[in-house]
Every structure is written in C-alpha cells, then in structure tokens.
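From just these sequences and the hints, can you work out the full model?
Heads up: the protein sequence lines correspond to chains A and B, in order.
Residues 1 to 545, numbered by the working numbering, are exactly what the first sequence covers, in order.
Residues 1 to 545, numbered by the working numbering, are exactly what the second sequence covers, in order.
If you are wondering where the hints come from, they were derived from the structure by calculation, not from laboratory data.
Check before you lean on any hint, since a few could be wrong.
The list cannot tell twin chains apart, which means a pair is met if one copy fits it or any two copies do.
[What the hints assert, rightly or not] DSBU-like cross-link-like pairs, simulated, lysine-lysine; straight-line CA separation at most 35 Å:
hint : residue 1 : residue 2
1    : K284      : K494
2    : K340      : K367
3    : K494      : K113
4    : K181      : K454
5    : K284      : K187
6    : K280      : K494
7    : K95       : K494
8    : K367      : K187
9    : K187      : K454
10   : K427      : K363
11   : K207      : K181
12   : K454      : K400
13   : K169      : K419
14   : K494      : K36
15   : K427      : K95
16   : K123      : K181
17   : K95       : K363
18   : K454      : K123
19   : K427      : K382
Below, each chain spelled out in residue letters.
2 protein chains.
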Amino acid sequence: MSEPQPPSEPTQEPENEESASLSKKAAKKEAAKLEKLRRRQEQEAAAAAARAESAEPEDPLAANYGDLPLIQLQSMRIADVNDWTEVGALTEALKDQKVLIRGRAQTIRAVGKNMAFIVVREKGFTVQCVATVQPEIVSRQMVKYVAALNRESIIDIEGIVSVPGVAIKGASQQVEVQVRKLYCISKAAVLPINIEDAARSDAEIEKANQAGEQLVRVNQDTRLNFRVLDLRTPANQGIFRIQSQVGTIFRQFLLSEGFFEIHSPKLIAGSSEGGASVFKLDYKGQPACLAQSPQLHKQMAICGDFGRIFEIGPVFRAEDSYTHRHLCEFTGLDIEMEIKWSYFEVMDIVSRLFVTMFDYLNKNCEKELEAVRRQYPFEPLKYLPETLRLTFAEGVQMLKDAGVEVDPMGDLNTEAERKLGQLVLEKYGTEFYILHRYPLAVRPFYTMPCCDNKEYSNSFDVFIRGEEIISGAQRIHVPEFLAERAEARGIEVKTISTYIDSFRYGAPPHGGFGVGLERVVMLFCGLNNIRKTSLFPRDPLRLAP
Amino acid sequence: MSEPQPPSEPTQEPENEESASLSKKAAKKEAAKLEKLRRRQEQEAAAAAARAESAEPEDPLAANYGDLPLIQLQSMRIADVNDWTEVGALTEALKDQKVLIRGRAQTIRAVGKNMAFIVVREKGFTVQCVATVQPEIVSRQMVKYVAALNRESIIDIEGIVSVPGVAIKGASQQVEVQVRKLYCISKAAVLPINIEDAARSDAEIEKANQAGEQLVRVNQDTRLNFRVLDLRTPANQGIFRIQSQVGTIFRQFLLSEGFFEIHSPKLIAGSSEGGASVFKLDYKGQPACLAQSPQLHKQMAICGDFGRIFEIGPVFRAEDSYTHRHLCEFTGLDIEMEIKWSYFEVMDIVSRLFVTMFDYLNKNCEKELEAVRRQYPFEPLKYLPETLRLTFAEGVQMLKDAGVEVDPMGDLNTEAERKLGQLVLEKYGTEFYILHRYPLAVRPFYTMPCCDNKEYSNSFDVFIRGEEIISGAQRIHVPEFLAERAEARGIEVKTISTYIDSFRYGAPPHGGFGVGLERVVMLFCGLNNIRKTSLFPRDPLRLAP
Numbered sequence: 001m002s003e004p005q006p007p008s009e010p011t012q013e014p015e016n017e018e019s020a021s022l023s024k025k026a027a028k029k030e031a032a033k034l035e036k037l038r039r040r041q042e043q044e045a046a047a048a049a050a051r052a053e054s055a056e057p058e059d060p061l062a063a064n065y066g067d068l069p070l071i072q073l074q075s076m077r078i079a080d081v082n083d084w085t086e087v088g089a090l091t092e093a094l095k096d097q098k099v100l101i102r103g104r105a106q107t108i109r110a111v112g113k114n115m116a117f118i119v120v121r122e123k124g125f126t127v128q129c130v131a132t133v134q135p136e137i138v139s140r141q142m143v144k145y146v147a148a149l150n151r152e153s154i155i156d157i158e159g160i161v162s163v164p165g166v167a168i169k170g171a172s173q174q175v176e177v178q179v180r181k182l183y184c185i186s187k188a189a190v191l192p193i194n195i196e197d198a199a200r201s202d203a204e205i206e207k208a209n210q211a212g213e214q215l216v217r218v219n220q221d222t223r224l225n226f227r228v229l230d231l232r233t234p235a236n237q238g239i240f241r242i243q244s245q246v247g248t249i250f251r252q253f254l255l256s257e258g259f260f261e262i263h264s265p266k267l268i269a270g271s272s273e274g275g276a277s278v279f280k281l282d283y284k285g286q287p288a289c290l291a292q293s294p295q296l297h298k299q300m301a302i303c304g305d306f307g308r309i310f311e312i313g314p315v316f317r318a319e320d321s322y323t324h325r326h327l328c329e330f331t332g333l334d335i336e337m338e339i340k341w342s343y344f345e346v347m348d349i350v351s352r353l354f355v356t357m358f359d360y361l362n363k364n365c366e367k368e369l370e371a372v373r374r375q376y377p378f379e380p381l382k383y384l385p386e387t388l389r390l391t392f393a394e395g396v397q398m399l400k401d402a403g404v405e406v407d408p409m410g411d412l413n414t415e416a417e418r419k420l421g422q423l424v425l426e427k428y429g430t431e432f433y434i435l436h437r438y439p440l441a442v443r444p445f446y447t448m449p450c451c452d453n454k455e456y457s458n459s460f461d462v463f464i465r466g467e468e469i470i471s472g473a474q475r476i477h478v479p480e481f482l483a484e485r486a487e488a489r490g491i492e493v494k495t496i497s498t499y500i501d502s503f504r505y506g507a508p509p510h511g512g513f514g515v516g517l518e519r520v521v522m523l524f525c526g527l528n529n530i531r532k533t534s535l536f537p538r539d540p541l542r543l544a545p
Numbered sequence: 001m002s003e004p005q006p007p008s009e010p011t012q013e014p015e016n017e018e019s020a021s022l023s024k025k026a027a028k029k030e031a032a033k034l035e036k037l038r039r040r041q042e043q044e045a046a047a048a049a050a051r052a053e054s055a056e057p058e059d060p061l062a063a064n065y066g067d068l069p070l071i072q073l074q075s076m077r078i079a080d081v082n083d084w085t086e087v088g089a090l091t092e093a094l095k096d097q098k099v100l101i102r103g104r105a106q107t108i109r110a111v112g113k114n115m116a117f118i119v120v121r122e123k124g125f126t127v128q129c130v131a132t133v134q135p136e137i138v139s140r141q142m143v144k145y146v147a148a149l150n151r152e153s154i155i156d157i158e159g160i161v162s163v164p165g166v167a168i169k170g171a172s173q174q175v176e177v178q179v180r181k182l183y184c185i186s187k188a189a190v191l192p193i194n195i196e197d198a199a200r201s202d203a204e205i206e207k208a209n210q211a212g213e214q215l216v217r218v219n220q221d222t223r224l225n226f227r228v229l230d231l232r233t234p235a236n237q238g239i240f241r242i243q244s245q246v247g248t249i250f251r252q253f254l255l256s257e258g259f260f261e262i263h264s265p266k267l268i269a270g271s272s273e274g275g276a277s278v279f280k281l282d283y284k285g286q287p288a289c290l291a292q293s294p295q296l297h298k299q300m301a302i303c304g305d306f307g308r309i310f311e312i313g314p315v316f317r318a319e320d321s322y323t324h325r326h327l328c329e330f331t332g333l334d335i336e337m338e339i340k341w342s343y344f345e346v347m348d349i350v351s352r353l354f355v356t357m358f359d360y361l362n363k364n365c366e367k368e369l370e371a372v373r374r375q376y377p378f379e380p381l382k383y384l385p386e387t388l389r390l391t392f393a394e395g396v397q398m399l400k401d402a403g404v405e406v407d408p409m410g411d412l413n414t415e416a417e418r419k420l421g422q423l424v425l426e427k428y429g430t431e432f433y434i435l436h437r438y439p440l441a442v443r444p445f446y447t448m449p450c451c452d453n454k455e456y457s458n459s460f461d462v463f464i465r466g467e468e469i470i471s472g473a474q475r476i477h478v479p480e481f482l483a484e485r486a487e488a489r490g491i492e493v494k495t496i497s498t499y500i501d502s503f504r505y506g507a508p509p510h511g512g513f514g515v516g517l518e519r520v521v522m523l524f525c526g527l528n529n530i531r532k533t534s535l536f537p538r539d540p541l542r543l544a545p
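Written as structure tokens, this is what we have:
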C-alpha cells in the first residue's frame, strides 16, 4: 500500500462502503431513532437528578457516597496505588475481602427503593456491584444516589467481594461487590450513542427484528462522530490491541533479522514523488509537501550504508478515493534492504514476516480476536507455512482459464484481484499469496525492470483475502538509468535531484516493500471497512475528530 | 519536548550552533579547501580512467574483473545468498578458504604495477584485500583496473583468506583477502566529501594542525548537504543504531507495563492547539494543520478507555528557532495513562523507563557508543538508580543560593536550566533528574493545577545534562474546567470543541508526557547539535535532502 501508484481516476465503490450503502431514508430513520433515544434518556436523567435533589432528611452516612470534587480526589488519596484491584482480577479467591475498584458505570438498575445494581467496567472486564440499604452502612439516600448515576460515569467503589450461588449473566466476573462506599469522580453527560448499541452485531439486530423488537443500529459515520464512545466497545478494544501487536511483531521480527528502525522526514521539498495525490503546504516560504511514502528517504538511508532498515510512520495521500480501503492518512510499515542479486530475497522476508505474524496473532490474541468476531463474525485467515508465489503471467492465465479476460500488460483492477483471490483459494487453499513479475508499465518509475524481459519488472504485490496489501520491488540503483526512467514517466528530474544524486557515490542493489497497518488488521480480521481499523480516520470528507 | 509551549519569541543561540559559530571567512576557506580537494581527486580519477582505457594487449583473464553490467549482475547470480561472507565475519578460522564478499572500496592504493591494496568496508567492518599479479590468475591489466577504482564504489570480491604475520593497522579484520576475481557493481563518482574527513574528530584535526599538517574539517551544513555520504561515518552508523535501540527499549518497557501502541492523525482540523508555530495546509477545501503533538488525540484515546498508551511518531513545529536543540520536525515519544490519584504515578514511569533505557544502552550498545565517542568524545551519563525529584520551588531556591535570581513564578530559561543542572550534579551526583510542580502560568492550558495551591500545577520537566528533554503533567479531565482554562489562555473553545467534548461522557483522571527521540540520543551521547541525531533534519532553513 505504501508505494504511490500512478495517478488514477477518483474511485468509488459504493457497494463496499457501509455508510454509502445505507440509503438516505435509512439514515434518516436511524437519526430519528437516535434522537428519540436521546430525548428519552435526557428525560430519565432529568427525572433521576430531580429525585436525587429533592429535599431529603440529612443523611448521617453522607460521607460514604457522592460526587467527589476535583480537589478532594487529588488531596484525599483514599488509597495507595497498590491498594486498587482491577475488575479483571476480581475472583472467588477474594471472597469476603474489602476491595477498591475504579471503572465506568456501564449499566445502573434500581430494584425498589432499597437496592441498586451497577455493572462496573474496566479494561473490558465487568463486575456486578450491589448497593443495598443496611443500617449504619448504606443509607436509602445512597441507593437513590446510585440509581441516579449516568451511564459511563467513572466511579470509585469500596466494597466486599461476595460469591452468589448462581451464575452472573450480565458481567464477565463471577463475583459480586457489596457496595460500602461509592464516589463519582467523573460524571457522564447523556450519551449520544449507547455502548451496547454500538457493540451489537448485525446478526443480533436482525434476530431481534424477526422477533419484532426494534434495536438501534449505529452506522459507521455516527460511530466516527462519537469515536471516543465507539472505541469503548469490546470489538474496538480488541481491534486496536491487535493493531498494536501487529506493529510489535513487525518490529521484533525485523530487529531479529538485522534490520533497524529509522524515522524519515514527512516534510519534503517540491512535490515528493510527483502525481496529483499530494498535500501541499508552505514551509517557511518554500513550497513543500507531505511525503506520500518514506520511499525516497529509505532508499537514501540504504545509500548511507544502513543495510537493512524499517520505518513505521504516517503516510499521506490526497486521493479522492471514497472506497472501503482508502484513507488520506494511514500508518505505513516500510522496509528497505540491500540485496545480493534478486528481489526474491525481499519476498523471502515478506513471507517469513507475515507467517510469523499470523501465527503469533492466532496464538496470542485469542481474546481480542474473539471480541472482534462476536460483533463482526469472520473465518480465520487461511495461509500456508510457505507462502505461495505466482507470477503475474500465471495469475492472468488463471483468470483467463476462468473466463475473465484482463490486459496481460496492464494492472489488475479490484474486481480481477478479488476473482484471482477466489481462484487461488480454490486451487491452493490459501488466502495469502504473492503475485510477482508485474508489467513494468504499471509500477513506479524507480522499479527495476526484469533482466530477461524489460516489459516486466522485479516487483510484487501481496494479497490477503483477495485484496492487495503490500507493494514491493527491487529498485533501480544506477542514477543515470533512474533519471531516464523518471523522465520517461514525465517526472521532472530536477525536482527529485537530491534523491537521484544519492545513488552517484556507490549504491548497493536493494529492494523493499510497504504495507498499510490498517489494511493488515482489516483483512486479517475480515472487516469490511478500513475506517474500523484507523483510530481517528481521515478520508476526503473526514478531518475530525 | 512534546508539549507545545505558549508561543515565544524566535530564539537564537549562535554560541551553541556549530554551523553558525563557523565564521564566514572560515566557511569560505573550508569551501576553497574542499573545492581544491575535489579538483585534485577529479584529476586523479581522470588520469586513472585514461590509464585504464589506454590501449592494452587483450587479456585472457578479462572475465575475472571489470564493471558488471546491470543485466549480468541480475542474471548471472554468481553465488547463492548463503555463499556470501560478511566482512565482519572474516577471521583466522577461514584461513585458506575461498570467500565471496561485497562492500565499498574504502581506500585503493597501488604499489608499483603488480600490486594493489583495497580496503573493503561493509557494515562498519573493514578488511584489506590484495590483488597481486600471478600467472593464470591475476593479470597486470586486472591490477591496473583495481588501482583505478573510485573510492566508495561497491565491489564484489572472490578471494582466498590469508593471515599475515604482522598486525593490520588500516582495517578492523586481522586477515587479508587475496583477490581472485573483482567486479565493480556500482561505480562511485568523485566524492564531494571524503568519508575519512567526515569521520575525523576535532582533536585529531588540532593535533595535525600543531604538527603543521592541514586536515579538512567538514562542517555541519556540508555534512547535511551530502548526508548519504556523511551517514557512512562510524559515528553516524553508531548514532542511528542507538536511536533505533532507544525506540525499541521505550516500546518494550511500556508494553511490559500494560501500555499499547496507537497511531493518531497528524492532519488536524483548524489550528491544533493554537499558537503561531503550526504548519497550515488545505485539506480538500478545509483549513487544516499538522499536529504539534499527539496531545489531543492521545487524551481522546484515554477517553476511549485505552487505559495506557504510547505513540512514536513525527511532530511538527513551525518555530523560528535556530538553536542547537530545535527542529521543525522531530520524532515524538509520547505516553498517556490513567492515574488513580496523582501525577507521581506518571513520574514513576518516567523514572523506571529511563533508568532501564540508560542501563540497557550502556550494556548493549558499547560498540556503537565507542564509535560515537571516538569522533565526539563524551563522558558517560551520570544517573541514579532512583531518579532524583525536586520541586520547582526547590530548584529556584538552589539557584538563589548560588546567586542566580530567577522569577519564582516564571519558567526557567536555557541558561538557568543549565546552571541548575550543574548545581544538581554537584549536590546529588546526577545528570538526570525531574523538576516538578511548575507554576501553572508557564504550562499548557490542559495542565491540572495543584489541589493545594492553584498557582502551581501537577506538572514536571525532566533534564539530561542540564537540558530539558521531557514535559509531562496530569491533565484536566473535567470538560467545563478545561474550556475555562482554554479561554483564559485566549484559545477559541469552538476550535477545539471535539477535544473538549471527548471528556463529556466520563473521563478518568490521567496524565502523560512527551519526549523528543533526537534529544534523548543527543544528550545521552553528549552531542552538541540535534542535527546530528536526526536522519534528515528539518529546520527553518533546511528542507532537503
């Protein structure tokens, strides 16, 4: 994903775009439903507040609950850091012990005037807490206060762990906390979207629909507008922990292979690698742009004798792409390495790196993958221990045999790539493979042509579930030839002279590849939109939050 | 370094700026010297080429040497990847064995017409290779070809390992390679700067000066203009491997403490955190800017229940700072974490993280540190196993006691910081310490005031060798209070409404810090200019290469 391709027509794939697929009518209906929900909750909140504020006899136990003012939160230090128990650590072993927990009031339910249940959530774990009126310990006013809490407020609870005789359904932990003290340290306003609505799978909604129950479906755009709430769903908690793992494995594997990490500049003089899809800006009076990839500088680092390097950093593309797989800013995972004789050495790294990564994720991120799967069901990725490699010509032939005619010297479009993915899966049983030896004409100017046929190139793409995620190649390391190829593509050589000059003082043969982090996570988890794997996505229409 | 400070006057510290300290006259002189060198080398190269091209009797051994055309390099595959030996692996154990190596021709020296020495460098290791005329093996023409090679060209050598009776001075490896075949696979042009000139320490130059020998001194700007050559010096090879290690330790430590990695957007709507030092651009018709830090989004991730996170990514500052310690683009190491009650929890992480890092670097990067030290001598950093913490007021008092008057409610300037560093070193024996509880007025608007005195704040800076490298604090998590503080600082609240709104749905108390990667490496290694630790630095005057 990291190598800029020749400028292309604005692409649009409405059939894949979740928010686009939602018709205007449906969106209106959803907005109305959300509005109704909001109004109802506002009324409830107001009523609860009114109840809480209504004249009450003075409570001798008032110190045991309430809103904790900032100054008190900081100065009272109700406990040492080590005295806190994480919700996930609440087990039967703690029976009858006093614990101190902090988390969000996920749900609050009053049972009459003497009892209130609160499900407290911390780091994805939940525990049921119960406030029951008890002389000298829990007052009626306290239960009233608890019942009036807004969902998602942050609360501190001191209580005693108990083990109920029956299984607890609505929480992850199989113990209860009998509330002794409860303080609200951050009050939530009325929520624009509810976490349980945002966490619901399509299957659940349809099932409820069939049973005659109307459940709220939160669409992609609404989620992104209220991203800090959306991020709290179990699926999102899983997605971004998996994303972090992907970066970690990428680094650890490469470090163990003698690579090291660099940070190349994102502010570039002139117009980067050319093409229309570049963000321009003024840099202290000089025309500048944002790097469309670390391509030029990572190759320059190779000329600086860095040998084998990688970079993880933002990549900027001002493309007018409204598809499920394009962003204007994404995280590029890039590598560049000296090679002895062939781009096969680069493909070897790709193959071992990703097999290591997939193995690791399947083995070590079970909980996170399960959280994603519960909301967005997917089949585990099928891949081989030795990654399949096909030449572009072989791929074209497979398509032809299946009745799909494509230009044998052109690039594959998204549809052909997907079809080829299907054919490869049927024939070889893998959803992860490398297609190499692409026609030279469809690759960037710095791509090395094949030595036996200049119509082809020492390049490759890698596919997961029928979608391209990696572009790589051997690069031209001969400055005169590089300049010639740039000119042939209509790039003004003087605008990239510092790049070309880098090869004039001896340059080793080298190659590399780039991959989009968000695409790896999206496709490994079989998600349908790259906006689901970008923390705060940027597309042509979205620059916030 | 990561937290934007209130806009300040353009700063200039010419006394600290290497390139500025070089007077115009000296610069002219250096340029003339370099020009002379370049001309002499050009003449030499031309003469060598002429010699090589002069009519020669046909050589029956011509296949054993020469320039390897691209097509041949790729197709002949002279050896399997595994058949290559790294220069660093050439030891006596390989005596009499045939080896294949690739590297740069660092120096070439002919001895008469029958012998030529080439020092080959790969990954910082060097080996002496000898081509001696021998019937049926090495021709006179081959020796001539070798003698005419340009320095820094990339060559492949096949030869036999021999062990000379005496120590080899000019190379790291204590064996020689008797050349059998030699191919140039990438010819270097005449070099604008020589690697050995760029690698020389000031001490060496002065020593030579005293002995009446004039050696070339390459100044900082020239280095950066020819960065791909400059990067090949042993010191730079060390610096960027240390930089990679710093990032690795940062990540590994935090992962082990329950943090995970995020990637926040660098393209931001409006004007980021305000202030003048922001790069603006047009984003598809919307006004946008480059993030001055991941501050806002990392806090939003905390509101999304991410608990403990870190980010490594570029940070953009359009400041007019021409000092030895400011860049317009640098790599920010940022963390943000929920806290139970105090910013002390954040300082605990700082303390343990950096002590772990320093210990690791000293233990595992000896070779790299030694390479840096040889060119830029420095004393190992003095630090304590338990990081010293002083309050700002204590620091002010220490300065006062030493006769330095500073505003007790203002910020410390660079000079005062350096002085305090000296005093701390004398009193406590450490060059790494934390100064906390800064006056609120000198910290960003989102900083939490102290609960016991609103003139102060729950904030801290961290110093290495008398220079600030880290800024951190507890943040305000109460939206109304945050808006109030922003307004008090003249920031239009509506421009940061998505940020402030993030705290409306329950926000845990939290804090974090930011540190500049380049500053950590610079100060750990006692370097005098941040441009030395940035791969391709960006300052107000430099946007290339």
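Status of each hint after checking the structure:
Taking CA atoms no more than 35 Å apart as the test, K284 paired with K494 passes in both settings, with 21 Å inside one copy and 28 Å between copies. Taking the shortest Cα distances, K340 and K367 sit within 35 Å of each other only across copies (26 Å), while inside one copy they are farther apart (42 Å). For the homomeric pair K494 and K113, neither the shortest alpha-carbon distance inside one copy (79 Å) nor that between copies (42 Å) is at most 35 Å. With identical chains, the CA atoms of K181 and K454 are at most 35 Å apart between copies only, with a shortest distance of 29 Å across copies and 77 Å within one.
Within a single copy, K284 and K187 get their C-alpha atoms no closer than 45 Å, and across copies no closer than 37 Å, so neither meets the 35 Å cut-off. Within a single copy, K280 and K494 get their C-alpha atoms as close as 18 Å, and across copies as close as 26 Å, so both meet the 35 Å cut-off. In this assembly of identical chains, K95 and K494 lie within 35 Å of each other by CA distance neither inside one copy nor across copies; the values are 74 Å within and 50 Å between. In this assembly of identical chains, the alpha carbons of K367 and K187 lie at most 35 Å apart only when taken from the same copy (30 Å versus 54 Å across copies).
For a Cα distance limit of 35 Å, the shortest separation of K187 from K454 across copies, 23 Å, qualifies, whereas the shortest one inside one copy, 67 Å, does not. For the homomeric pair K427 and K363, the shortest alpha-carbon distance inside one copy (27 Å) is at most 35 Å, but the shortest distance between copies (52 Å) is not. Within a single copy, K207 and K181 get their C-alpha atoms no closer than 40 Å, and across copies no closer than 75 Å, so neither meets the 35 Å cut-off. Taking the shortest Cα distances, K454 and K400 sit within 35 Å of each other inside one copy (23 Å), while across copies they are farther apart (75 Å).
In this assembly of identical chains, K169 and K419 lie within 35 Å of each other by CA distance neither inside one copy nor across copies; the values are 44 Å within and 62 Å between. In this assembly of identical chains, K494 and K36 lie within 35 Å of each other by CA distance solely across copies; the values are 27 Å between and 61 Å within a copy. Taking identical chains as interchangeable, the C-alpha atoms of K427 and K95 are never at most 35 Å apart, the minima being 57 Å within one chain and 51 Å between chains. When the C-alpha separation of K123 and K181 is checked against a cutoff of 35 Å, the pair qualifies only within one copy, where the shortest distance is 22 Å, while the shortest distance between copies is 63 Å.
Taking identical chains as interchangeable, the C-alpha atoms of K95 and K363 lie at most 35 Å apart only when both belong to the same chain, with a minimum of 32 Å there against 46 Å between chains. Taking CA atoms no more than 35 Å apart as the test, K454 paired with K123 passes between copies only; the shortest distance there is 32 Å, against 55 Å inside one copy. For a Cα distance limit of 35 Å, the shortest separation of K427 from K382 inside one copy, 13 Å, qualifies, whereas the shortest one across copies, 63 Å, does not.
Checked against the numbered hints above, the structure violates hints 3, 5, 7, 11, 13, 15; every other hint is satisfied.
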